[in-house]
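**Q** Chain by chain, the residues run as shown.
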Amino acid sequence: MKFSIPIGPQHPALKEPISLRMTVEGEVIRDADIRLGYNHRGIEKLAEEKTWIQNIYLMERICGICSHSHATCYVQGVEKLMDIVPPKRALYLRFLVAELERVHSHLLWLGVAGHEAGFDTFFMYTWRDREIVMDMLEAISGNRVHYAINTLGGVRRDLDEGLRQKILGQLDILRRRTEYYLKIGANEPTFVARLAGVGKLSKEKAMDLCAVGPTARASDIARDVRRDDPYGIYAETPFEVSTADTCDVLGRVVVRVKELFQCYNLIEFMLKNLPAGEVKVKAPRRAKPGEVVSRYEAPRGGNIHYIVSGGADKPERLKVRAPTLANYPATVEMLKNGFIADIPLIFAAIDPCICCAERTVETVDLRTGEEKVLRFSELRALAKERFDKNPRKGTGLWPF
Amino acid sequence: MKLAAFLPELLRHLFKKPATVDYPFQKLEVPKDFRGSPYLRPELCIVCRACERDCPAEAIDITSVNEAEKKFKLAIHNDRCIHCAQCVDSCPTDAMQMDQRFEIAAFDRHDLKMGWEFVRAVVKVKPQA
Amino acid sequence: MAVLKTVLYLIVYPGILFLFVYATFVEWFDRKVYARLQNRMGPTHTGRFGLLQPIADFVKLMSKEDIVPDKADKTLFTLLPIFGLAIVATAGLLLPVWHTNPLQPGFNSFPGDIIILLYLLSLPTLIFFLAGWSSTNLFSTIGGSRVLTMLFGYEVPLFLAVLSPALLAGSWRLAEIAAFYRQHPLLILPNLIGFAVALVCVQAKLERTPFDIPHAETEIVGGTFTEYSGKKLAFFRLMTDIELVVSAGLLATVFLGGFGGGIFLGFLQFIGKTLAVIFLLTLMRAVTGRIRIDQVVSFAWKYLAPLAVLQLLIVIFIKGWVL
Amino acid sequence: MNDLDTIERIKGALGSRIVEMTNPAPGRIFMTVAVEDLVSVMTNLKRDLGFWYLATISGFDKGDAFQILYHFGLEGGNLNVRTQIPKPAGPDGASADKTAPHLPSICAVIPGAILYERELQDMFGIVVDNIPDPRRVVLPDDWPEQNFPLRKDWKFERPPEVIPGGKK
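Chains as they are written, first to last, in the numbering used here: chain W, 96 to 495; chain E, 83 to 211; chain Z, 21 to 343; chain U, 6 to 173.
Bound-form chain W, shown alone:
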């Protein structure tokens, strides 16, 4: 028996709206289709109407988890257009926040993977330890999610000595906890049984479908913008590209945990070698005409911003490509021939950030088997009609 099940736009496994339509036979998925657009906010168009400085905050709002990634990607592109070079200390602070963000994003993802696999205890513990990073970020920047630490020509806040020591101290806790989670993740049989061999993506397929980030690295493709196209201070910092060759969800877990350790090393390096000096230089209000391609390795993969300036105080064109969008074709490939039970895990394994990737409700009439897509306006009319036909009895006071 073949039937299609809709996952989303509203589904407990998805924290953001996206529609996955699975054709399943029994418990096995035969085909998958992804429908986007539920969260399109027109940011690229809006960016053309905002000034360079306002756009920093707009770029930050592309995503909550990797807010710093988009802002940094944009800011370093605009700095090239404006021909300004931020001071060394500013760069260190900027990428310190970037690495802390990567730590928080990967810890968050570990917890989500646990939750999708029904391992709620793992989820609670990883998220508790993620609070350490969140508190660090809050202390550095003044906010937990939208750090807003970037500005054109540097960063907005300096790091004082006390905070620097505190972060160095807490880094040890994080390192210890991550080692512990690696141990748990590799040893808990119910967890490993759910991850190993699930969501296979061969190296050739991953290359064909242009997968990025940990998804590609778990398929043994050593791609990392930080090494391939070093930006900021990454040419002088020590780190290795972590890969795995199992090509499955377990591999993606391993890659992310390995990256966590790399992040801790990077953070330690940056904090220990923090240069003294100013944290920002003055930026002009207008940029010279020109175009620039800015790349950045976000926690989920490579970000790419293409910025065109016409010489005004606003961009002519600002194209944003978030890593999740690049991973969708690969996800469809991974879902095929999986189990229904694996949908959330496979989908979560690319660490989807739907509002990053973007910028109607489907109903199935069971009697006729006919599918139709209801739009929001129709749905509202339907709801109103139903309410008018069956007015609520009583005042809602239980039980009388």
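Among the hints, erroneous ones may be present.
Unchecked claim - Derived coverage of chain Z by chain E (criterion: at least 3 residues anywhere in the stretch with Cβ under 8 Å from a Cβ of chain E; other residues may be distant):
| no. | region |
| --- | --- |
| 1 | 50 to 61 |
| 2 | 296 to 310 |
Stated by the list, open to error - Below, simulated SDA-like cross-link-like pairs (lysine to any residue); rule was C-alpha separation at most 20 Å, straight line:
| no. | chain 1 | residue 1 | chain 2 | residue 2 |
| --- | --- | --- | --- | --- |
| 3 | W | Lys-140 | U | Lys-160 |
| 4 | E | Lys-99 | Z | Thr-64 |
| 5 | W | Lys-140 | W | Glu-411 |
It should be emphasised that the hints constitute simulated quantities derived from the structure, not laboratory data.
Idealized CB from N, CA, C, for every residue including glycine.
Keeping the supplied structure of chain W fixed, place chains E, Z and U upon it in accordance with the hints.
**A** Just chains E, Z and U now, kept in the frame of chain W:
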């Protein structure tokens, strides 16, 4: 691979203090540089409109009340504010400040708007970095 | 006097009133322990230590709008929660907690009541399946089919594991089995394998992690309960709680020596032993992740069933050569 | 691999199909090709030179023409293949299908390009020929026809903000 790898950790936590706090009754401290909501110190405002121009959310409105008396009204639409503190950075005289409040929900969006009517101040502009 | 006692038995203890109150307490206990294992707080504010939270949830659900899908079989859809509640409450009556004299069978304690109890505990599974099927929702249907698939996995090991101690005691009556183990406390020890198997099976029967596959929220939304809301959902939740109490009571009776020693001591034993069993179940819920449906069936037949047979062999051995 | 080597390799493989090639910043190579050569250039880039990672495709409305940029990520930088297609004249020039700008699809060579090409169709009204899946990707299904948000002549009038609730 071993069965119930998590067990010792769990049992240890059974008698530990929870990591969460009893939120509306107990609150955690926010760090000292926390970005809450913006507010104006009208005695310092020279009406240069830098904040209005730079605000990404168009949450700041400056209107002239009385041209002759140099009276102005500055309104902060906290319902639109994204708490980025760009206005604080843009302000040349420290007239814009951030407070520490983070519980700013209201039933009516009008309740979130704040306004100040003031006479334009004459203050020395701080040198830009 | 006997009539009054029977009425009390049916309505107050261990009838529906006690079961309701105790089931809500057990849900609180389960949630609190689960939360503390996860370093959280759990329910805190409704009543002292949040004790009234499950009751508050129940009341809240009762006052919510009750929606029946257009295409659902309305009679079946409505009746199933009530049937389910009635079945588990009846099963609760068979627990030998009070005025059950081991020597004197009565309406609530008779030879073979362990079989009846086991079958009454199997019925909720069928109720879940029918509930999933009758709501005609896709997720419910998948949930319903998963319920049945799982049933084939755990039911046989559960029966084997629970019946082995009965075989050792030489009786099909719960009160007699419990009395036998109270007389020979050392004979509880050979049944430990069976206890472990039965714990896992009860966990699967109650659809709790790692076996919460039929209503795995991240996969198939609410599973069997997707379309249930309001009063019906409240009944289903109460039913699951009572089922937890009854299953824990069954395990305590068969494996831990029952609840002898008069009405007060027996009551305390009942609370203590069921809470101990439920603590173990909660611990199992906290340390594992959800496994896949095919893994459940293979796990049940690869490990649980052989272990249950081993338990049976041990019992036969002891019965033949030791006793 | 440094930029000069990469440029040499590309020049060797593509020859006269390159209209223009610049290297404005380290690690950034811009290359212009004609629309007619696009598919063959992509085939050469992927099959012969091993540039498998297409980061994205960005369209840009230059007023009189659409500029389409194919961004490739390489080891040591990135390559941007630029092509231009003329924009139909007049604000309603796109209404007739004949005048709508056409672009060949490269999905046969790089399957991962599908979402970016669909996005181009949505946002710029560029008809991508031979695209395997021409459905809309980001715009809603009830979005009016012939409205392409990222064209410069498309303006969005923000409706006046109505805040529910009265002022006390």
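**Q** Decide, hint by hint, whether the structure agrees.
**A** Going down the list of hints, with the structure as the test:
1. Evaluation of the coverage hint for the region 50 to 61 of chain Z: fulfilled, as 8 residues show C-beta separations to chain E shorter than 8 Å, against a requirement of three.
2. Requiring three or more residues with a Cβ within less than 8 Å of a Cβ of chain E, the coverage given for the region 296 to 310 of chain Z holds, as 4 such residues are present.
3. Of the pairs offered as hints, the one joining Lys-140 of chain W and Lys-160 of chain U holds, with about 9 Å between alpha carbons and a cut-off of 20 Å not exceeded.
4. Taking the CA atoms of Lys-99 of chain E and Thr-64 of chain Z, the gap is near 14 Å; set against the 20 Å cutoff, the hint holds.
5. This hinted pair checks out: Lys-140 of chain W and Glu-411 of chain W have alpha carbons roughly 10 Å apart, not beyond 20 Å.
Taken one by one, the earlier hints all hold for this structure without exception.
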